[in-house]
Amino acid sequence: MTSPYDRLGISPNATAAQIKAAYHQKLREFPAHTHPEEFKAIRAAYEAIRNPETVKADDDFLKVRPLEATLDPELMQQLREQAMARLELSLDDLIRETF
Numbered sequence: 001m002t003s004p005y006d007r008l009g010i011s012p013n014a015t016a017a018q019i020k021a022a023y024h025q026k027l028r029e030f031p032a033h034t035h036p037e038e039f040k041a042i043r044a045a046y047e048a049i050r051n052p053e054t055v056k057a058d059d060d061f062l063k064v065r066p067l068e069a070t071l072d073p074e075l076m077q078q079l080r081e082q083a084m085a086r087l088e089l090s091l092d093d094l095i096r097e098t099f
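With the working numbering applied, the sequence shown covers 1 to 99.
Just to be clear, a hint being listed does not mean it is correct.
[Said to hold, decoys possible] Straight-line Cα separation of at most 30 Å, DSSO-like style, residue types lysine-lysine; simulated pairs:
| hint | residue 1 | residue 2 |
| --- | --- | --- |
| 1 | 40 | 20 |
| 2 | 63 | 40 |
| 3 | 40 | 26 |
[To be verified] Label-pair restraints from in silico Cβ distances:
| hint | residue 1 | residue 2 | range |
| --- | --- | --- | --- |
| 4 | 68 | 15 | 30 to 40 Å |
| 5 | 66 | 14 | 23 to 33 Å |
| 6 | 38 | 12 | 20 to 30 Å |
The set of hints was computed from the structure by calculation and includes no laboratory data.
Note that this is a predicted model, so its numbers are computed, not measured.
Backbone N, C-alpha and C define an ideal beta-carbon position, used for all residues, glycine too.
Please model the complete structure; the sequences and the hints are all you need to start from.
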């Protein structure tokens, strides 16, 4: 997946004028009647850059965040007791379940 900046061939800190110039140059390079898919991708990239909230939301979505989880010791003990209660079988029950 290429970023909108890569699609237009500009850096993320490009000015508005540079973005617009790159957009128009790419449109001349890939006209709609001969390259419809590339034309759509260029327009979508330009629209994404023009709307910075979209780009920021995409960047935030792709960032790796550490998982923050805490385990309640009391809940863990209850789960352990429930699991052990289900596992307790007599020898007769075990033989009956096996055969």
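Broken hints, by number: none
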